[in-house]
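Fit chains B, C and D with the ligands to the supplied structure of chain A, relying on the hints for placement.
Residue numbers (the working numbering), protein chains in the order written: chain A, 32 to 555; chain B, 1367 to 1688; chain C, 58 to 430; chain D, 251 to 552.
No wet-lab data here; the hints were simulated from the structure. It cannot be assumed that every hint is accurate.
Incomplete in silico selection of chain C near chain D, CB under 8 Å [said to hold, decoys possible]:
1. VAL214
2. PRO225
3. ALA228
4. ASN249
5. ALA253
6. PRO255
7. ARG381
Here are the computed distance ranges between Cβ atoms for each label pair [said to hold, decoys possible]:
8. B:LEU1372 x C:ASP232: 52 to 60 Å
9. D:ASP540 x B:ILE1646: 31 to 39 Å
10. D:GLY534 x B:GLY1512: 49 to 57 Å
11. D:ASN303 x C:LEU69: 38 to 46 Å
12. A:GLU260 x C:PHE410: 47 to 55 Å
Don't be surprised by glycine CBs; every beta carbon is placed ideally from N, CA and C.
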Amino acid sequence: MNDKTDMERQATAAPAIELKGISKAFGPVQANKDISIRVMPGTIHGIIGENGAGKSTLMSILYGFYKADKGEIFISGEKTDIPDSQAAIAAGIGMVFQHFKLVENFTVLENIILGAEDGRLLKPSLAKARKSLLKLADDYGLKVDPDALIQDIGVGMQQRVEILKALYRQADILILDEPTGVLTPAEADQLFRILGRLRSEGKTIILITHKLREIMDITDTVSVMRRGEMTATVKTTETSPAELAELMVGRKVLLRVDKAPAQPRDVVLDIHGLRVVDEKGVERLRGIDLQVRAGEILGVAGVAGNGQSELLEVLGGYQTGTGSVQVKGQALDLTGKQSDGQSRRNHGIAHVPEDRQREGLIMDYHAWENTAFGYHKDPSYRSGILMNNAAIKADTVEKMERFDVRPPNPKLAAKNFSGGNQQKIVLAREIERNPDLLLIGQPTRGVDIGAIEFIHQQIVALRDQGKAILLVSVELEEILALSDRVAVMFDGQIMGVRDAADTDEKELGLMMAGITDADAKIGG
Amino acid sequence: MDYMTLIQLLDSTVRLATPLLLACLAGLFSERAGIFDIGLDGKMLAAAFFSAAIAALYGNVWLGLLAGIAASLALSLLHGLASITFRGNQLISGVAINFLAAGLTVLIAQDWFQQGGRTPSLIGGARFNPITLPFADAVEPVPFIGPLYAELISGHSILVYAAFAAVPLTWWLLYRTRFGLRLRAVGENPAAVDTAGVSVIGLRYAAVCICGVLCGIAGAYLSTALQAGFIKDMSAGRGYIALAALIFAKWRPWYALWATLLFGLFGALETRPDVIEALIGVKVQGQLLGALPYVMTVIILAGFVGKAIPPRAGGEPYVKER
Amino acid sequence: MPKWAEVVLVPLISLILAAILSALVILGIGEDPVAAVKLMVTGALGSTYGWGYTLYYATNFMFTGLCVAIAFHARLFNIGGEGQAMLGGLGVALACLYIPWPHWSLALIGATTMAALFGAAWAAIPAFLQAKRGSHIVITTIMFNFIAAAVLNYILVNMLRPKGSMDPATARFPDATNLPTLHDLLAPIGINFSKAAPANISLLVAIAACFFLWVLIWRTRLGYEIRAYGHSESAAKYAGISPVKITMITMIISGGLAGMMAINNVMGESERLVLNATEGAGFIGIAVALMGRSHPLGVFLAAILFGFLYQGGAELALWTSIPRELIVVIQALVILFTGALDNMVRMPLEKIFLSIRNARAPKPERKPVEPAE
Amino acid sequence: DLGGKFDKSFNEAAFAGAQRWAEETGETFREIELQSEAQREQALRRFAEAGSNPIVMTGFAFGDALGQVAGDYPETDFVIIDMVVDAPNVRSVVFNEHEGSYLVGMMAAMASESNTVGFIGGMDIPLIRKFACGYAQGVLAANPDATVISNMTGTTPAAWNDPVKGSELTKAQISQGADVVYAAAGGTGVGVLQTAADEGILSIGVDSNQNYMHPGKVLTSMLKRVDNAVYQAMTDGPGMEKGFNVMGIANGGVGYAMDEYNKDIVSADMQAVVDEASAQIADGTLMVHDYMSDDTCPVLDF
Ligand SMILES: Nc1ncnc2c1ncn2[C@@H]1O[C@H](COP(=O)(O)OP(=O)(O)OP(=O)(O)O)[C@@H](O)[C@H]1O
Ligand SMILES: Nc1ncnc2c1ncn2[C@@H]1O[C@H](COP(=O)(O)OP(=O)(O)OP(=O)(O)O)[C@@H](O)[C@H]1O
Ligand SMILES: [Mg+2]
Ligand SMILES: [Mg+2]
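For reference, chain A alone in the conformation it holds in the complex (with noise of 0.2 Å):
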């Protein structure tokens, strides 16, 4: 209904987009059933949903990654088919897709130009690729270094190389999947600049996001996406945040975690003059002084790459330094035998890792293989010498169900759930072990609402049973809804700890940047 009030509403203007029943099936998935969209020429179309809802694959096709089973589109009017994303760019569409397309050891430039180059020589292409490059960079404030290695990049810079890539072959239709999954709110604050920029050059943008706050503040129309059909399509002045959650979802979710203030007992993680040279020599630890106390969570702030990952890898085991770690007055193994995730676990230390698919996961194992990951020589899932897998698969069976994983089917394999379900096995794996210490990272990145809401709580929980909680994530949103205090780091230091309480994302943002007043009082 609403997408018939809409039609009668810019009935004038041929739409820059027009997508009739669009259907596609994975094998027996059926991801995309018969969506209609369409989407103004100059404006910014959001499209939300759960993980899985579809958005990405329909987006492909429009895109010409995959191709559509059935359905019909129209560029700016005109029936078009994209067999290949050749034809889409062909047609101006470009896309920023959620995993970047980009080649890993391959500079800027020559990612820029891959498929674009004019001429069978690379040396003319490049030359032309790298002025162009220079007048986008300040049309657009997108300042890239053109010789730099995609590898060498953070993942800030590598979706501006993605966006730059669209821009480089002109396109007009610029789709956005899930941007800011990876962004600082700095880095996505620019971000939402840019497409202001683009749209009011009459560009026509989809984003794709998880975040409903982005959807307020930068769409003009948003469509709801839910098991593979197109539920609603609104004005975005005419809705609300909640609405659209509940929309999306089917129930009302709440959209702020409410927790009791933390009762902080004794210091369970004490870290002191802690140093991690990686080995390209970098020093990524500059000497961090840290304390976690049971029952309180700490939420360490900062821009992706200054010393967090580190930071768990080596409280995790698998990263080696130098300094002193005490768990509950036990001095941690930095270096020798003692340093990984085995004696790590024996520590009571729990670790949710950033990256669930590279680290929390083996992808192509089973669910039930995933619960017994890193605690597979657990006493209790052995008979004999061999591994008792009938006591794994019953407590991955509890374990799903508590934590409400969909499908609750402990032999599928890791890769056929999506993100926000292999984030909710994971995160059962290592809380219900009740562990002293829960190192986490990333709890919710490219996780929809409904499943951030579900694991916000057992955060929380965790920690109202007394445990103590080192929750590390570039979402200050994030960190500022869940930690009882904040530390951000800034080029492996720490820049200073502030209480939650008294302390805002404007502080934060700027001692992420490296600035900190001279007299900020250190708290804990």
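Below, chains B, C and D with the ligands alone, put in the same frame as chain A:
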């Protein structure tokens, strides 16, 4: 060890390195595009047979060369069909191709010539003869340079020069052309190439074909330049050595040259126990001598080369949808 | 697509395709395919004699196949089965020649241990270089095959060969070390198995090894760690699984299995160590493991298939003028179709089954794998 | 033997012998090439069971298998070449390759202008060392201050089929001054003879007469009349007399080849000298040391 001995050693090094180099570059193209290929040996063998056979039948080595290339190309396409189109296991396909070549060559040879998996000996225009570069004889007497030019540089078959020319060519193609950029990209992240609007399949087939052509030349060199005819299994595992050299070279053209020359040198030294004895001072027992090149390789590998990272998308078929 | 189709239909159709092409090849060289196939089948499976040889070859391939398979689970490509099996042979020879065994059963245990030790040792070096120095295991194992050949030749010609003997081989092993053949084993239960065939008790050892490996990989903590490491090194590190440890252990098991092949061909069949006793079984092992999808049961079946091809081929060469290389071609085609071109069969089949299913149950369409959270 | 039927020498000779017999008698024979060790015994039993008689096998590697089988088929006669098997129904034929090699060694020495000659063996096994040792003795007999360069191609069966390596070895020996090379290397030898011809030096073939392969470039061939032995065995047929028979120079089992292809390069007096030596060996006045007798060679070390 006197100067002439050195020249002779290097001369033999060049001859032995040439087939390795060609095969190694062949593998380089294929693997840089993300298609692993342990079928190099089989392709060489097939090419060796068909070039010799056709050359023998028509008395024209160039026809032979073409036939060899065609044969190797056919196997490459088979490999492509299996590993690109049907996303099969690239290792299995490679193994199968090696078996196929080993069997078919003898079978056909027997059927055509009844000489027990062997072609008649090639004579005259049916084989590649060494070509003497201009002034070779003139500068011969000049000390130092003379022999170097006349013995080492001059007096190889055209294919040797082709092989060495292929190195800079490969480098240029890979790092200076659009095709090269895309080829390297498709071996690292096919999705990036695909979303950039370039056909992954097309690129990979192109790479596999180049691989076929180079293997073809390598095989032809064995049977029509180094030898005057085909004998079963005459590739004698050189394809595997080329593979080793490729990893050794970390998938880079110039390194490939040095790696294959090194293997060539080992091979050459093996033919000169006297020189080895002179070099290391002790007489190496016969059988152990045979092991020397391989021991050396391992030592160098462990000692100096260290970790070699293959192209990231290597060995994985490109699957968008399951 | 239903499981039975995956595990039965696909390989079956692939095999048929391979057979058809083989037939064409046979026609191509002017022979009669039907007769040839008849000859192969009767020769390999038509008599306990044929079975005896088929199973003998299969035993070799089981060991080498398992050797490659276990390594694959840790994403290690062990091409060195050949060399490791050669060294295993040396181990067996030393055990049988220099230890006075009272009874074959003890000898078997002793020889198996030695074989495994020697094979494992030969695999341990490349493993160590891979783990500590990052030297590519594919190259090092290839090199170690050549080195093994040289070492063995040296030892046989210059040390173990009885004086004045033409044959670069050890003396015969004492009778106490001769293993019972299937004939001896099956006689008690009233089966009259051919006396001549070399299949012997090591077949049972091989089958036991298959089972043992299955348990190891899917039922033990070590197997769990090996597979985890094979799937994702980064995740393995997170879980506290040591890459070095896994690489070493896996390769040692792998080499050990290859080495154990020697109890079949050296101790069981030739009852002395000859040059080139392995005869490329190490390489066949690669094909067997790949075809068996690195699963012990698959390896077992693939090994039997190759045993059949070997024996059938021998019979063919025996009674016809078809060159022995024909068998190599047939092997190649089997490997190609069942191993590399299997999707050519699978893809259309999947479509068929999907359409059948949709035809049966059109509505309601199945929901995406994961519904709302 | 595993070398393959058409190695242009050893096995090919045997095959030729059999064929000659078949053609002359119009009877049929059955032959098999083996692809695996385990098949040796298998093949023997199959033939025996199929009633083939006699059964002729070439190559020492059969010795062990025959030892197993012979007893089980007392009715069948076996002939084994290159190996001694002691059984009532077995005729063992061994050749004095060292004697033949000695003769061609002398020739090589006399034909050599550089006083340096070469030997290229296939796989490094005692039998081949036997060739090399005899050859070296002959060389030194004809020319005491000649040098003999000896190389083996390899240590795996691949060494019988690696002509490329054969060529390189030849080139290497040439660069060390050799101007006559003797190849006892199966298929690898083809590469040796080829290269020798290309490089304009002389080569010596082995087992069968290989002179024709490069007319005027192959000095001679060391003949090992396997064909005769096989032919003989087949004509004797079942009930042949068994036991141990040595084919030496005395009974024409080994020798050197003279034909139209090499008559121009072998001078009359060369031939005279060799024939004299040959005679002496025949009547036992000249003893050529056999490597196999004590696994050592007085003039060459391996
Ligand atoms: N390449 C693929 N092959 C098979 N099935 C797929 C593939 N991609 C997605 N699917 C299926 O299609 C459904 C929709 O996936 P899609 O990636 O579009 O969801 P999404 O809305 O983008 O989720 P998220 O919010 O996590 O990005 C998923 O449930 C998944 O089961
Ligand atoms: N190639 C694929 N084969 C099968 N399922 C797939 C494939 N790619 C994606 N999926 C499934 O599609 C769903 C959504 O995939 P997608 O990668 O877009 O997001 P996600 O990984 O689920 O969540 P996130 O947004 O955190 O990345 C998940 O169930 C995922 O497992
Ligand atoms: Mg996603
Ligand atoms: Mg998505």
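Structure-based check of all given hints:
1. VAL214: 7 Å, holds
2. PRO225: 5 Å, holds
3. ALA228: Violated, because the Cβ-Cβ distance from ALA228 of chain C to chain D comes to roughly 10 Å (cut-off 8 Å).
4. ASN249: 16 Å, violated
5. ALA253: 5 Å, holds
6. PRO255: 6 Å, holds
7. ARG381: With Cβ-Cβ at 5 Å, under 8 Å, it holds.
8. B:LEU1372 x C:ASP232: 52 to 60 Å: 57 Å, holds
9. D:ASP540 x B:ILE1646: 31 to 39 Å: 33 Å, holds
10. D:GLY534 x B:GLY1512: 49 to 57 Å: 55 Å, holds
11. D:ASN303 x C:LEU69: 38 to 46 Å: Since the Cβ atoms of ASN303 of chain D and LEU69 of chain C sit about 44 Å apart, the hinted range of 38 to 46 Å holds.
12. A:GLU260 x C:PHE410: 47 to 55 Å: 26 Å, violated
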